[in-house]
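Student: Top line first, the protein sequences correspond to chains A and B.
Throughout, the numbering used here is defined as the position within the first sequence, counted from one, plus 95.
Throughout, the numbering used here is defined as the position within the second sequence, counted from one, plus 3.
Think of the hints as simulated: they come from the structure by calculation, not from any bench.
If you're wondering where the values come from, they're calculated on a predicted model, not measured in any experiment.
Just so you know, even glycine gets a beta-carbon here, dropped at the ideal spot from N, CA and C.
It cannot be assumed that every hint is accurate.
[Unchecked claim] If you anchor each label on the Cβ, the simulated ranges turn out as follows:
1. 156(A) to 48(B): 28 to 34 Å
2. 162(A) to 17(B): 23 to 29 Å
3. 60(B) to 103(A): 28 to 34 Å
4. 48(B) to 151(A): 26 to 32 Å
5. 136(A) to 21(B): 20 to 26 Å
6. 57(B) to 135(A): 20 to 26 Å
7. 176(A) to 21(B): 24 to 30 Å
8. 13(B) to 107(A): 26 to 32 Å
[To be verified] Cross-link-like lysine to aspartate or glutamate pairs, in silico, EDC-like; alpha carbons within 20 Å at most:
9. 100(A) to 154(A)
10. 45(B) to 126(A)
11. 45(B) to 137(A)
12. 23(B) to 119(A)
13. 67(B) to 55(B)
14. 163(A) to 137(A)
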Amino acid sequence: DQQVKQNSPSLSVQEGRISILNCDYTNSMFDYFLWYKKYPAEGPTFLISISSIKDKNEDGRFTVFLNKSAKHLSLHIVPSQPGDSAVYFCAASLTGNQFYFGTGTSLTVIP
Amino acid sequence: GAVVSQHPSRVICKSGTSVKIECRSLDFQATTMFWYRQFPKKSLMLMATSNEGSKATYEQGVEKDKFLINHASLTLSTLTVTSAHPEDSSFYICSVMGNNQPQHFGDGTRLSIL
Chain A
96 DQQVKQNSPS
106 LSVQEGRISI
116 LNCDYTNSMF
126 DYFLWYKKYP
136 AEGPTFLISI
146 SSIKDKNEDG
156 RFTVFLNKSA
166 KHLSLHIVPS
176 QPGDSAVYFC
186 AASLTGNQFY
196 FGTGTSLTVI
206 P
Chain B
4 GAVVSQHPSR
14 VICKSGTSVK
24 IECRSLDFQA
34 TTMFWYRQFP
44 KKSLMLMATS
54 NEGSKATYEQ
64 GVEKDKFLIN
74 HASLTLSTLT
84 VTSAHPEDSS
94 FYICSVMGNN
104 QPQHFGDGTR
114 LSIL
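Chain B with its partners taken away, still in its complex shape (with noise of 0.2 Å):
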């Protein structure tokens, strides 16, 4: 069965509007989630890791103020894109990783930007 749950799939909306995207560790309790973009025929990117109760380490270039990444509980981590724009539509795929576990991706959010 599914490890991860992320939701929305799928989300259409307009330029300007900010989205919330979901992921949920199921089946253990998870400190550390991680938030991935893939763009088209290139690797998944790691935007962010998000830590149970601490701010969330950025990588190089995401702009955290754009990419919000909340993670209040140790089974769920939110990814807000604010202010979304066209250039911001991707597909986001967050994963969970337990102790030295390989990681556990959620289906993805294909997000498309109006």
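Just chain A, with the same shape it has in the complex (with noise of 0.2 Å):
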């Protein structure tokens, strides 16, 4: 059973424009969430994380928003480059420990 899920496996945004990309989880225990970058051939690659205490985190261009009540959390980029595109991992977390990740979205930025 997924636990956690992100329902679009693509989304296409114009260079400069606000990429969102959304992510659902079951579990209301998970406690920590993060967001990972993925390109072709490699492993992911840490982008951002937030804790259940927040609702917020913003680093640089990527803000993650965190909604409890609806086991929800999105991650905002802008402005959106050509080199963000990848493929977008989120990924739950109970106490550090096991974590359960999305089946990514893939992000292509047009230039």
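Two chains, two separate frames, one set of hints: put the complex together.
Tutor: Structure below.
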């Protein structure tokens, strides 16, 4: 049973615009959430994280929003750049142990 | 710089061959490493948790005799796919997690069994 879901397998955005990637989870006990970026034939690279005690975390062009009541988190990238084109995975963790990953969203930023 | 080194990056071999994949933690000692497998259009699936000095913990449905894990030192864990078959072809990724730090992943190994 998929505990973390990314319902959009792909997303295309014009350069300079905002990219919004969404993620839903089912386990209300998850207390730590992460976003990873993955290029083909490479391992995921950590992007940004958020603890369940927060609802927003910002790092440069990347902002993660957490809505615990809706069990939803999103990653905002603004402005989007062609180099941001990659697959983005969200992940959720319970006490920092086992991590559960979504299926990924392939982002294409069009120059 | 890279925190985790995974080797080899790509393996192509005949059915029945055993393949060993190495995962090295470069920046810190890792008592725990994770092995994942990624299927096309699916999420990273945790296969097992590798614990230094003790037996690995396998996820449900993962054959421990098929996927042998050895975590002999604080910086090295190996995954051996024994008697590999075409259905074992996949992308295998290891990761290392420091104390409450986000996971750092290796670049993965593309395994192709002919």
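Student: Now tell me if each hint is right for this structure.
Tutor: Against the structure, the hints:
{"no.": "1", "hint": "156(A) to 48(B): 28 to 34 Å", "verdict": "30 Å, holds"}
{"no.": "2", "hint": "162(A) to 17(B): 23 to 29 Å", "verdict": "50 Å, violated"}
{"no.": "3", "hint": "60(B) to 103(A): 28 to 34 Å", "verdict": "33 Å, holds"}
{"no.": "4", "hint": "48(B) to 151(A): 26 to 32 Å", "verdict": "30 Å, holds"}
{"no.": "5", "hint": "136(A) to 21(B): 20 to 26 Å", "verdict": "23 Å, holds"}
{"no.": "6", "hint": "57(B) to 135(A): 20 to 26 Å", "verdict": "35 Å, violated"}
{"no.": "7", "hint": "176(A) to 21(B): 24 to 30 Å", "verdict": "43 Å, violated"}
{"no.": "8", "hint": "13(B) to 107(A): 26 to 32 Å", "verdict": "29 Å, holds"}
{"no.": "9", "hint": "100(A) to 154(A)", "verdict": "23 Å, violated"}
{"no.": "10", "hint": "45(B) to 126(A)", "verdict": "23 Å, violated"}
{"no.": "11", "hint": "45(B) to 137(A)", "verdict": "16 Å, holds"}
{"no.": "12", "hint": "23(B) to 119(A)", "verdict": "36 Å, violated"}
{"no.": "13", "hint": "67(B) to 55(B)", "verdict": "17 Å, holds"}
{"no.": "14", "hint": "163(A) to 137(A)", "verdict": "31 Å, violated"}
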